[in-house]
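Trainee: For this one, chain A is given, so just place chain B on it according to the hints.
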Amino acid sequence: MATHGLRAANGYLAVVGALLIWLALLGPVLTLLGHLSWHAITSTLSAPGALDPLVISAESGTMTLAVLLLLGTPLAWALARGVLPWPRLWEAGVLASLLLPPLVIGLLLAFMVGPYTFVGGLLAHLHLSATNTMLALVIAQVYESAPYYVLGAQAAFAGVDYRLEEQASLLGDRPARVLRRVTVPLAAPGLAMALAVAWARAMGAFGAVVIVAYYPTGLPLQIWTSLQATGLTSALPYALVLLLVALPLPLAAYTWSARARSRRRG
Amino acid sequence: MATMGVTRRRAMGTRATSGTMMRAAAVLAVLALAGCGGSNSSTASKPSGTANVAYAGSLTYLNTKIFGPAFTTATGYSYQGIGAGSDALSQEIAAGSIHPNIFQSVGADPIVALTPKFTTWYVRYAATSIVLAYNPSSKYASQLAAIGSGKKPIADLFTLLRQPGFKLGRTDPNLDPQGRSFILMLELAAMQYRFPLSDVNKILGVPAGAANLATAHSTQIFEETALDARLQAGQLDAASAYRSQAIQLHLHYITLPATINLGDFTMKDQYAKATLTLAGGVVKSGKPIVLNVTVVGKTDQAAANAFVAYLLSPSGRRLYSQGGYTLLTPTAFGTMSAIPASIRKELG
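Which chain is which? The protein sequence lines are A and B, in order. Using my numbering, the first residue of the first sequence is number 1, and each one after it goes up by one. Using my numbering, the first residue of the second sequence is number 1001, and each one after it goes up by one.
This is chain B alone, in the form it adopts within the complex:
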């Protein structure tokens, strides 16, 4: 920047510089060519191929630190991943802006949106629940700890959360299933502990009259990664989290009753009583928070199948259990005949 004007003038004049420019152009051209083909190149290990996984943002830690390396050690295939909101990943896969061969999603909707073009089946394999993670040096920490350990009733939590000075953080309900689940959890809590829905508005920091909890602006909303960072930096009193995340990141957290935490598969009718309308007008009702997996795309199918098979195998499941997930009997949905045999034999 500082020498921009000077360099430009010199570049116009001398032959030496035009040679340099030519070399730079050649390098650029080579880079452009390399960029076209090389992204999925396989490593030299025996079974060649890469499991290229698009995964829900909440799986970031588990996949990058634990599961990915363990998969490579166990099978010899390479591992590559990209984490983001499940809905966003689904959009990107549909638009062709990313080309994974495996998709791990929270909830089934993001996968169903890709049928039949990208896949015709999926397997449900694990569940997690909504918890409230809190900052151990918050001025409310002792009260939160007492609620967490059962010394105080869970109903007190919702009174505490609506204190005017309480700094709560959560994610965008329009983009992130966790942001939705947190609001749905509060609606279920309002029914169970008989507090008015206007208190849900207070807890969420949205105007008292706001009818739509998803579209109303609130200064509590953060990007998912920023939310954890903010809580760990001590700049929030509490934040929404998945139980798995809280365990992996060693956060202090309060476990919520199964009737409201969206983590118990047998209570799906109870959860469905809560509903939320998103910005686009789509209505979402409460559902158990489950992880689903499918194979998408056609590249490196062997590696992709091996990834899903390892995920459903006892060693893969052990890693999920350690990561704070509740294991579910792997159950397949969709066109059964389309499921590769190596994956089908791991189903319950």
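The shape of chain A in the complex, shown without the other chains:
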């Protein structure tokens, strides 16, 4: 009886604890909503060209995801399957880019892809530039979001039972078909989550972006320049736009992947 009561009390405490942490995490968002007035939102967002940053962010975010899918997925798969020599070294590389403050990444990118560098020279031959261009913005976002995607996708691939892949091979499927019919579908919920996190990271990328791509102006930079030019009132509506635009995709991926997982377990 006493144990039962204790267990119930513990359950309540767990919920209260979870609620406290949730509220603390949500604090900034709640504050944001508390400080926004309808008038500020409409007057800020109805100015001519006010929604350009939204378009820029959506475009660059989509390009960033495409790059991550194309280049990050094979790396994540190779890391998960242990087909690379010195796996710790590869992982350390991914972690290092996660560890570096985005601002530092931005400064290092300026050294790496600036106009008077080897890469910058190559780009110039192609009439491209990675300084204050859409390309620069995408590069900065890729660096800020790639580690999140690669580590998440690696975990997703690692969660796929390799015996299922072996059985498919034994039954005569070629590796490409095994990948398409077995590995990717089984890893899909995890991959979707990883991509969702990377998307959120890319949309909110600021530290590296402010150094290499002051122009074109996406949402995070717009928040910052509005804050500096005209103050908090005109900056906060953009924060709301960023939340509204960046949140649905990860939320949908989260819901879908949770459902897919529970279906598989059940």
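It cannot be assumed that every hint is accurate.
To be verified - Some, not all, of what chain A presents toward chain B, calculated at C-beta under 10 Å:
id	residue
1	L103
2	G106
3	A110
To be verified - Within a straight-line C-alpha distance of at most 20 Å, the following computed SDA-like cross-link-like pairs (lysine to any residue) qualify:
id	chain 1	residue 1	chain 2	residue 2
4	B	K1139	A	L232
5	B	K1117	A	T230
6	B	K1139	A	H125
7	B	K1117	A	L232
8	B	K1139	A	P115
9	B	K1284	A	V119
To be verified - Partial selection, computed: residues in chain A whose CB lies under 7 Å from chain B:
id	residue
10	G207
11	I211
12	L232
Rather than coming from a laboratory, the hints here were simulated on the basis of the structure. No experiment lies behind these values; they were computed from the predicted model shown. Note that CB positions come from ideal geometry on N, CA and C, so glycine has one too.
Mentor: This is chain B only, laid out in the frame that chain A set:
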């Protein structure tokens, strides 16, 4: 991230984990409480209190490396600072998102915007000028050096700057007084050296037809810190800079004539001939680049007053002189009676 799903499932089930969660929640609550009160806690040194300075971004090096430590040694008060564009700081102080007790601004407008709620006076104490900092390994470096040393006329500089391949960097005129001053300097140069205003567009990398030089997009614009970093990384041929910055960061630079460099207080009528319309429609005319200081807010007034008094004292002024600033006789503006006595006695 990698183990997110696993951890979550485990957390739902076991009692051990819920205990951990409780502890985490308690720690979080304590942190939140600590965050509410503790930011201005004083140190144990004899005069207690902190000079909490909001300063123009161009003062970052001087304040953090030289002036702040020297002030603490001289007076015993603690020093804390935040650097950003003067306009931005003014906005943040007005919005209550930062709570400094001293504000050092480039130009007086950012301080005047805070009157009478936060302050009713300010003191003008130093000046600097616009220079052109350059990259010593640029392919244009020898030409730039020749102009800098006077072997070639300064007019050649403006011809060089509009070469199609020349990579110039500057800051956002809508956010940063330096970005504005640089454009105003070019307008003054166009008048003095008689080159057409369309060449100013070319130099600034904005479309030939763009009437508004501040709002036209240009790939030359960088965040202030990024600009210096880029120049030092050798990724620009030249960049706008304050003379003080160029000296503190040991940059190569070209001094511009006083008639255009916005650094000479006696030429303010000449400077006012150049104007620039900002994104919000505000028109700014050329003004000498001066530093102003005031006390804002009510926290640690003794420390704040001591900071300003030290700034205007001979030892404080020496540090500014070494930092590449031109010293001006400290001159007060606004409500004189509101100026604390300890500061008033340092005025010229």
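Trainee: Are the hints correct? Go through all of them and say.
Mentor: How the hints compare with the structure:
no. : hint             : verdict
1   : L103             : holds (9 Å)
2   : G106             : holds (7 Å)
3   : A110             : holds (5 Å)
4   : K1139/B - L232/A : violated (43 Å)
5   : K1117/B - T230/A : holds (18 Å)
6   : K1139/B - H125/A : holds (18 Å)
7   : K1117/B - L232/A : holds (18 Å)
8   : K1139/B - P115/A : holds (13 Å)
9   : K1284/B - V119/A : violated (40 Å)
10  : G207             : violated (11 Å)
11  : I211             : holds (4 Å)
12  : L232             : holds (4 Å)
Checked against the numbered hints listed earlier, the structure breaks hints 4, 9, 10; every other hint is satisfied.
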